[in-house]
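Residue numbers (the numbering used here), protein chains in the order written: chain A, 1 to 418; chain B, 1001 to 1413.
These aren't lab readings, by the way, just hints derived from the structure by calculation.
None of the values given here were measured: they were computed from a predicted structure.
Don't be surprised by glycine CBs; every beta carbon is placed ideally from N, CA and C.
A portion of the hints provided could be inaccurate.
Derived DEER-like restraints, expressed as beta-carbon distance ranges [as the list claims (entries may be wrong)]:
1. B:Gly1336 <-> A:Ser65: 12 to 22 Å
2. A:Thr254 <-> B:Gly1158: 22 to 32 Å
3. A:Gly236 <-> B:Glu1241: 24 to 34 Å
4. B:Leu1077 <-> A:Arg48: 32 to 42 Å
5. B:Ala1301 <-> A:Ala62: 49 to 59 Å
6. A:Glu243 <-> B:Ala1201: 49 to 59 Å
7. B:Arg1254 <-> A:Arg301: 19 to 29 Å
8. A:Ser65 <-> B:Glu1241: 30 to 40 Å
9. A:Gly236 <-> B:Gly1303: 46 to 56 Å
Covered, in the sense of this in silico footprint (three residues per stretch, anywhere, with C-beta under 8 Å from a C-beta of chain B), are these stretches of chain A [stated by the list, open to error]:
10. 56–65
11. 259–266
12. 278–287
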Amino acid sequence: MSAPTDPTSRTTGTTATAVPGPRTEADPTALRPFEVHVPEEDLADLRRRLAATRWPSRELVADRSQGVQLAAVQELCRYWATDHDWRACEARLNALPQFLTEIDGVDVHFLHVRSRHPDALPLVMTHGWPGSVVELLDSVGPLTDPTAHGGRAEDAFHLVLPSLPGYGFSAEPAELGWDSGRVARAWAELMDRLGYTRYVAQGGDVGAAVTDLMGRQAPEGLLGIHVNLLVTVLGGPPPGDTEQERAALEQLATFQQSGFGYFLEMATRPQTIGYALLDSPAALAAWMCDHDTDSYHKIARAFVDGQPAGNLTRDHVLDNITLYWLTGTGASAARSYWEDGGARAAAAASGQPPPPVAVPVGFTTFPGEIWRTPRSWAEQSYPTLSYFHEVDRGGHFAAWEEPELFAAEVRAAFRPLR
Amino acid sequence: MTAVEHDTGRAIRPFHVDVPDEVLAEMRRRIAGTVWPERETVPDASQGVPLATMQELAHHWATGYDWRACEARLNALPQFVTEIDGLDIHFVHVRSPHDGALPLVVNHGWPGSVIEQLKIVEPLTDPTAHGGSASDAFHVVIPSMPGYGFSGKPTSPGWGPERMARAWAALMERLGYTRYVAQGGDWGAFVVDQMGLQEPAGLLGIHTNMPATVPADVDRVLLAGGPPPPGLPAEEHRACEQLLRTYRQVEYARYMAARPQTLYGIADSPVGLAAWLLDHNDADGQPAAAVASALHRTTSASGQLTRDEVLDNITLYWLTNTGVSASRLYWEYRGGFFDAKGVAVPVAVSVFPGEQYQAPRSWAEQAYPRLVHYGQVERGGHFAAWEEPQLLSQEIRAGFRSLREPRVPEPRG
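I would like the entire structure built from these sequences, with the hints used as guidance.
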């Protein structure tokens, strides 16, 4: 890629927004290089707020059943205020080529790492909530430079990692309609703009929803998709005929009974919870750690017991939370659930089933995922399923927790499409 | 009640609110230093409490609002703390000047506190000064629920409405009341229903302004998302439609029922707390239309809810750091919400037009076989005591009038 370079458009990340710096080019759809430089005073303010946190009384139970435990959040915030080094994360981000470009009225931030292997396959990979491009940083090496990470040159990818609108350094949509379907169309436009005429797409969590919809929209050039969350089951109960299916149904039911609160709150009242998430770093951290049971326990252990699971270390967890804090995107990210809630309701009301995915689909089940998708469910959701594998490690944040294993899955899933 | 008992376990200790200046200054500092989200992307409240609403409220809260006035109103009333079932319970206790007054325990709800009930104290204790007769007088006891306001915060699970109901019976007994009635709305309605089920000695009857009357079969249908069963009379059909709307507006309740501890922001951020407390619905909106309109009312001659009263309540939560402990009540409770519970004691029901649903008389009669009063009120809603103190007071008087008759049989149990 030969992106136009314009040093004057270098952008500073600020606490308030991710609005880009002054534009010197007439065309907002141009690719503008981007670097992260957070003012020192923003970091000082964060530490001041952490030090001044007012805590609620301790939960009344010995487990996670009332929410994120006080001891875990307090240790997280202690480490955050005293040991975590945002500049290290900033340096990791700035070591990679980053850009902004306006798509459909919103400035989209993305990392674009080209492989040195000329035949590399272009891949757009989408993060989820409560994630960001930070989740995906450790898979950049294995995917773009496979020979340095136990892979072969013919497994190489040119990698495009966009920040979802309202997340990280992408702009916050100021208008309605940015559901996952619109994001999927924007990614197709982005790949087109980058000059990629044949490419693949990958995602987990919200990224899985975006990637699934790219598959259904079938933009020209999309050769196939790989997902690691089966988002189709949220539209209605899948079968429970086999032991594996019944086990997964039970996990799904547990999630919808007790693990779904953040989802419902963000899908209905993102602005209300947004006030706390923007004003209190402890609130933001707790809200983001209260995702699924498996990742909660892994993250809590990383802080309380100093025992991280895989690559899900204290620093990596805090890199991501700090990114949300510094960009002030707690509410805007939550709003993406509100948008998707509206889109799901409209789709259900239309009575029309979504178009099927016609391109090949790869699926990997990670054992710690919220529900452990059986092959039968993946086959039912995707008649063009071309790859299915259940691996032995990793959970909801697969790319983050197990980047090498995750990269091996992405390589394997897309190998036949080259 | 002015006597102080000296038996330490059952002692009734006078209580006075006196918040240090530095705590108020710190609150104002935090409000002024709020980091705000961007504006919602809709022109209404469908994504939550709008930014403009919160910013305007926060500005007044930090610069014009006077907590000391609220403190003075509270301290003008006799307040006490007494330990019940291992927890300090704060309560307001105002005796009527009339000898024959009927003792009444009044229960607040969420996101409320004793502040909701302040305007009914005078009409109930001193009816002759407020359009009533001496025979309508009450001795009024208004406890703060465990985890709320100046009551203690539970440190172990178990403080649901059932346990509170037992605690209030113990409180009334400790105050020497052998014949009394109980009243409540919101969580207070759950507590008085539980008191009705427990039938403690001395309880003559209850009054509820959020009656739980939905027949079990209808409740199942509604909780599953409806539609209302076919063939219902118009009033019952309308109630079903209202409940279906309510069930779409109670994600805040579902959240607190599942993850109260995760709400660290309502302990750490005054604005985060205020938005969370404001986002309770009523029949006319979410946030409640009655509260949203109060935010534009700076003064009120007629007792209507004002912006400062709304802030009094929010500030009480902030100063006592009870946002999370109050939320845990939702976690504690695993029972039904509006389903008939089988209360057998005499029950008075008031139906306010802005309440979650208008309980039809037919349902009220089934749910409460000893229905002694069914009043449809012309104004007011979910926060009845706060919004329409005179009307609620009249309803409470009318509701309990028949229970004052000397020929009322002693309660069973």
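Taking the hints in turn, this is what the structure says about them:
| no. | hint | verdict |
| --- | --- | --- |
| 1 | B:Gly1336 <-> A:Ser65: 12 to 22 Å | holds (21 Å) |
| 2 | A:Thr254 <-> B:Gly1158: 22 to 32 Å | holds (24 Å) |
| 3 | A:Gly236 <-> B:Glu1241: 24 to 34 Å | holds (25 Å) |
| 4 | B:Leu1077 <-> A:Arg48: 32 to 42 Å | holds (40 Å) |
| 5 | B:Ala1301 <-> A:Ala62: 49 to 59 Å | holds (53 Å) |
| 6 | A:Glu243 <-> B:Ala1201: 49 to 59 Å | holds (55 Å) |
| 7 | B:Arg1254 <-> A:Arg301: 19 to 29 Å | holds (28 Å) |
| 8 | A:Ser65 <-> B:Glu1241: 30 to 40 Å | holds (34 Å) |
| 9 | A:Gly236 <-> B:Gly1303: 46 to 56 Å | holds (51 Å) |
| 10 | 56–65 | holds (count 6) |
| 11 | 259–266 | holds (count 6) |
| 12 | 278–287 | holds (count 9) |
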